[in-house]
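Novice: Take the sequences, apply the hints, and build the full model.
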Amino acid sequence: MPKAGNIPLMKVPDNLIQVIGERMRLDRSRSEFFIRDLVLGWEINGLFEKKIVKHIGGKRLKAYNALKQELAAEEDGDKLFERLFVEKNIETRSCIQKRLIELDDKIYSRFLAKLKDAYSEECYDTVFIALGIIINKIDISDGIIRLLKGNSIRNPADFSALVQLLGYRKNETNLRYLYTYYNFFVNNFEDEDYYEGPVIGIRNFYDAVNGL
1 MPKAGNIPLM
11 KVPDNLIQVI
21 GERMRLDRSR
31 SEFFIRDLVL
41 GWEINGLFEK
51 KIVKHIGGKR
61 LKAYNALKQE
71 LAAEEDGDKL
81 FERLFVEKNI
91 ETRSCIQKRL
101 IELDDKIYSR
111 FLAKLKDAYS
121 EECYDTVFIA
131 LGIIINKIDI
141 SDGIIRLLKG
151 NSIRNPADFS
161 ALVQLLGYRK
171 NETNLRYLYT
181 YYNFFVNNFE
191 DEDYYEGPVI
201 GIRNFYDAVN
211 GL
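Mind the numbering: the sequence shown is residues 1 to 212 in my numbering, read in order.
Simulated from the structure, these hints should not be mistaken for lab results.
It is possible that part of the hints are untrue.
In the PhoX-like style, the derived pairs of lysine-lysine whose C-alpha atoms are separated by at most 20 Å in a straight line are [claimed, not checked]: (1) Lys62 to Lys88; (2) Lys98 to Lys51; (3) Lys137 to Lys106.
Because the structure is a prediction, the values reported are computed rather than measured.
Specialist: What follows is the structure, encoded as structure tokens:
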């Protein structure tokens, strides 16, 4: 992927929605960025665990219920952080993640640090959801932007999804980053859909501005 971190910020046109045009209408059945945004929305609204738990049973359900009781009394954030990245079941990862953020929402810096070196797809997904939950509580845009500027995220789909998170804050600078990276992906990856991350971020930004 061409280095995207320090490209000059572009001015956002007044008619941004019209400029983006057809690309605002994503094929939701095919967009990995839409699916990430959908799952993140479920997590933020407390629906994800409920949807997953409906479909598990037996020992796995017992383990989930036991973990919820255990987490209510757990105060050791370091222990939970390490456990989060070895946990295999998504419903228990979700529980641990929420408890971690309850204990310390400034833990976002440790999540960001996980992406500065080599990481697995599962690790990235866990970090993406955690950062998405946190940015809906406090503005961690500066931390995400620093990570993007560091050029350590070399996978364009991962980079694009992180850009997408900037749309959760009603911040005009974030909108400039979203528009700038939208153009970067359109111009450098003509045959790919990486621009969809910034597009979803732009839609989320305007939803937040309009109170939706």
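Novice: For every hint, state whether the structure bears it out.
Specialist: Evaluated hints:
1. Lys62 to Lys88: This hinted pair holds, its Cα atoms lying about 15 Å apart.
2. Lys98 to Lys51: holds (16 Å)
3. Lys137 to Lys106: It holds: about 11 Å lies between the C-alpha atoms, which stays within 20 Å.
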